[in-house]
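So the sequences go chain by chain: A and B.
Residue numbers for the first sequence follow our numbering, so the first one is 1 and each next one is one higher.
Residue numbers for the second sequence follow our numbering, so the first one is 1 and each next one is one higher.
Incorrect hints may have been included.
To be verified - Quick look at which bits of chain B chain A covers, simulated, 3 or more residues with Cβ under 8 angstroms:
(1) 74-81
(2) 89-103
(3) 109-123
Claimed, not checked - Residues of chain A placed beyond 12 angstroms of chain B at every Cβ, according to the derived structure:
(4) K28
(5) D30
(6) T50
(7) N104
(8) E108
(9) R109
(10) A130
(11) A133
(12) P141
(13) E142
(14) E149
(15) Q152
(16) G153
(17) R164
(18) R189
Said to hold, decoys possible - Far from chain A by the CB rule (all over 12 angstroms, computed), these chain B residues:
(19) G38
(20) L39
(21) Q46
(22) P47
(23) H61
(24) A64
(25) R163
(26) A181
Bear in mind the hints are in silico, worked out from the structure with no lab data behind them.
As the structure is a computational prediction, the values presented were derived from the model and not from experiment.
Just so you know, even glycine gets a beta-carbon here, dropped at the ideal spot from N, CA and C.
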Amino acid sequence: MTSRLFTLCVAALATLSGLQATAAQTEKRDPDTGAVTWETRAHGVTLSLTQILPNQARAFYLNRGFPAEAVEPYATACVYMTVLRNDAAPGELSFRLTNWSVQNAGQERPPNAVEDWMMRWRALGLAEAAQIAFRWAQFPPEQEYAVGEWNQGMLATGLAPGSRFDLTARWTVAGKTFEGKLENVVCAR
Amino acid sequence: MSFARVETGMKHGLSALLLYCMAGFSSVAADLPPLTHGLTPIAEPQPAPALILADMDGKMHDLADLKGKVVVVNFWATWCPPCRREMPSLERLKQQLQSRGLAMLAVDVGEDADTVFAFTGQLEPAPTFPLLLDRDSRAMQRWKVKGLPTTFVIDQQGRVIFRAIGGREFDNPAMIAALLAQTPRN
Numbered sequence: 001m002t003s004r005l006f007t008l009c010v011a012a013l014a015t016l017s018g019l020q021a022t023a024a025q026t027e028k029r030d031p032d033t034g035a036v037t038w039e040t041r042a043h044g045v046t047l048s049l050t051q052i053l054p055n056q057a058r059a060f061y062l063n064r065g066f067p068a069e070a071v072e073p074y075a076t077a078c079v080y081m082t083v084l085r086n087d088a089a090p091g092e093l094s095f096r097l098t099n100w101s102v103q104n105a106g107q108e109r110p111p112n113a114v115e116d117w118m119m120r121w122r123a124l125g126l127a128e129a130a131q132i133a134f135r136w137a138q139f140p141p142e143q144e145y146a147v148g149e150w151n152q153g154m155l156a157t158g159l160a161p162g163s164r165f166d167l168t169a170r171w172t173v174a175g176k177t178f179e180g181k182l183e184n185v186v187c188a189r
Numbered sequence: 001m002s003f004a005r006v007e008t009g010m011k012h013g014l015s016a017l018l019l020y021c022m023a024g025f026s027s028v029a030a031d032l033p034p035l036t037h038g039l040t041p042i043a044e045p046q047p048a049p050a051l052i053l054a055d056m057d058g059k060m061h062d063l064a065d066l067k068g069k070v071v072v073v074n075f076w077a078t079w080c081p082p083c084r085r086e087m088p089s090l091e092r093l094k095q096q097l098q099s100r101g102l103a104m105l106a107v108d109v110g111e112d113a114d115t116v117f118a119f120t121g122q123l124e125p126a127p128t129f130p131l132l133l134d135r136d137s138r139a140m141q142r143w144k145v146k147g148l149p150t151t152f153v154i155d156q157q158g159r160v161i162f163r164a165i166g167g168r169e170f171d172n173p174a175m176i177a178a179l180l181a182q183t184p185r186n
């Protein structure tokens, strides 16, 4: 009886500590735009992805000097407004997007690299102002956040519209690696 | 604000409307991420990088001329959603602490004066601090900014003592208290 009670207590504590490390994933749809936001909190860090609809991406970059044919590959590359925020991690975190992974159809790879897009824009000879707007509108390829620090920026997974995927974000605090995962995220059409 | 700039207000009003529509994607989320309230102390303060840029009227500003004051340097752009949200709180902070020797410089990255004016003209309160134009983003890179907005606080000796990555509510009491501690009453 005592050992059974002990086992129950251990299981309850394990469940509680697990809840503390990773909160349940939430999903909300914006009633005006239809865009969906997926959010989770893991190890004191909030991660969220909000769909940027292809027409929203087109409008944003067309208004910043991108030719229509240039913007199309990006607008249809499954783009998200991405937020990562250090709410209460055990110290300053650092991350590189090359360590994040997009899992889809049995394959795993990092999100599209910002530098790859920039090489494309340079090859097309886009105006400097357009290139600067693109570069700094993207979620940072690498960054450090103390508690309370965060960024919001665009992140392209490179998947086709309508695709489903999981995203694992990884960061380190004092040399220790942590991760947060969003599951069954859907690319806007 | 120069007379010529006020005279073109109608044109800018239309631009502001367009800008608002263009920035519509910024509200794709039902709930916007909260602006935070902290300043991150720099463990070993170093002299601030050079910052010499023209404002929207072409007047040059040099951070070095503000030595002896505590200076808030904010890097931003009109298309950056948290930058847009935090801008009114920068002005409120300035109004509260300018009598204590606080100065403020906002550095817009990659945009022209008309674009910046179209946005700031619709703010309440509108910024009264210099809005500098970093058209080629070189100043931003010199300051090693990795994402917008990023804000630095420079002490009276010209050293970077705080940073804030991401949007802030600058007139939050916690932030005002941190800055007041750097601007002792004479």
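query: If you check each hint against the structure, which ones fail?
result: When the structure is compared with the hints, numbers 2, 4, 5, 6, 10, 11, 12, 13, 14, 15, 16, 19, 20, 25 turn out to be violated.
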